[in-house]
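Participant: One letter stands for each residue in the lines below.
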Amino acid sequence: MQGWLSILIMIALGAGFALISVVLSSFLGPRKPTPEKLAPYECGMPPVGDARERQSVKFYLVAMIFLLFDIEIAFLYPWAMALRDLGWNGFAQVLLFIALLLAGYVYVWRKGALDWGGDQATARRRSTIGD
Amino acid sequence: MAPETLAFYAFGAVAVVASLLVIAQRNPIYSVLLLIASFGALSGLYVLLDAPFVAVIQIIVYAGAIMVLFLFVVMLLNAPHEETEYDERVHPLLRPGPMRFGALLALVLAGELSWALTRSGDSGRFPAGAVASVRAIGRSLFTDYAFPFEVTSILILVAMVGAVLLARREGRG
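Protein chains in written order, with our numbering: chain A, 339 to 469; chain B, 259 to 431.
Nothing false has been slipped in among the hints.
Derived Cβ-Cβ restraints for the label pairs, each shown as a range: (1) Ala268(B) x Ser359(A): 16 to 24 Å; (2) Phe404(A) x Thr401(B): 25 to 33 Å; (3) Asp402(B) x Tyr445(A): 24 to 32 Å; (4) Val331(B) x Leu362(A): 32 to 40 Å; (5) Gly367(A) x Ala374(B): 45 to 53 Å; (6) Val361(A) x Thr263(B): 27 to 35 Å; (7) Trp373(B) x Val361(A): 43 to 51 Å; (8) Phe359(B) x Ile349(A): 35 to 43 Å; (9) Leu307(B) x Arg422(A): 21 to 29 Å.
It should be emphasised that the hints constitute simulated quantities derived from the structure, not laboratory data.
Note that this is a predicted model, so its numbers are computed, not measured.
The C-beta atom is built at its ideal place from N, Cα and C for all residues, glycine as well.
Let's have the full structure, built from the sequences with the hints guiding it.
Facilitator: So, in structure tokens, the structure goes:
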């Protein structure tokens with residue numbers, strides 16, 4: 339339990355820094371609101387439309403793929419901790435594990451799920467696969 | 259008070275308060291963010307229970323990835339502020355349809371909780387030699403449970419293919 343004290347201190351420092359910054363800026367900062375200053379910031383240009391728009395399902399797909407690779411990382415963590423005990427045998431197992439997931443990664447990539455170049459790039463990729 | 263007891267009460271209080279605030283919010287986005295705070299406090303409780311691996315997984319997988327999914331579900335559904343269709347003064351059990359079902363589930367949960375908490379016995383005691391350290395988990399995962407571990411990668415692979423296939427239908431139509 340001793341090693342966790344440093345993590346607790348780190349959490350306290352991080353939260354404290356954020357809190358103190360927000361509180362201090364609300365006390366010390368000058369406040370002269372204008373309609374432009376109060377408007378939500380949208381990359382510097384005037385806001386267009388409503389923020390509550392339906393998002394594309396693409397975002398969800400990326401989040402799902404992120405979750406799956408996150409689980410892969412979760413499996414690598416105990417392996418890294420027991421690396422010396424497991425030796426080459428464990429290394430081979432992890433290699434197989436990663437190879438299988440690499441196949442999934444290649445599949446996701448080839449299907450264009452990671453494309454952000456709009457519809458043209460996706461369409462071009464699909465046509466080359468012959469989908 | 260021992261520092262561990264103090265930490266337990268602090269994490270427990272944060273978890274309970276954050277969970278209560280989750281269901282008290284009208285804006286679902288706030289609920290999701292508060293649930294992350296609750297998960298963080300739960301992770302601290304896992305550390306106190308001497309389960310560091312579960313604590314780390316709680317942060318990496320639940321607070322990190324699952325909550326991103328939750329957030330995107332909220333954004334996909336474009337759920338506005340929760341609307342009250344019913345008279346709030348009416349007792350939840352007397353309201354129509356889904357709300358009655360939710361109240362029923364809450365009743366069942368309350369019953370189970372009170373049963374579990376009042377039951378005497380040493381259910382809180384771990385069997386001797388319980389796997390605690392991440393290193394021990396790694397050692398048994400890659401020796402005794404090597405085959406299930408490799409099968410997990412196939413499961414993840416199937417999930418990946420399924421996600422791509424399901425999401426692609428929208429892009430075509």
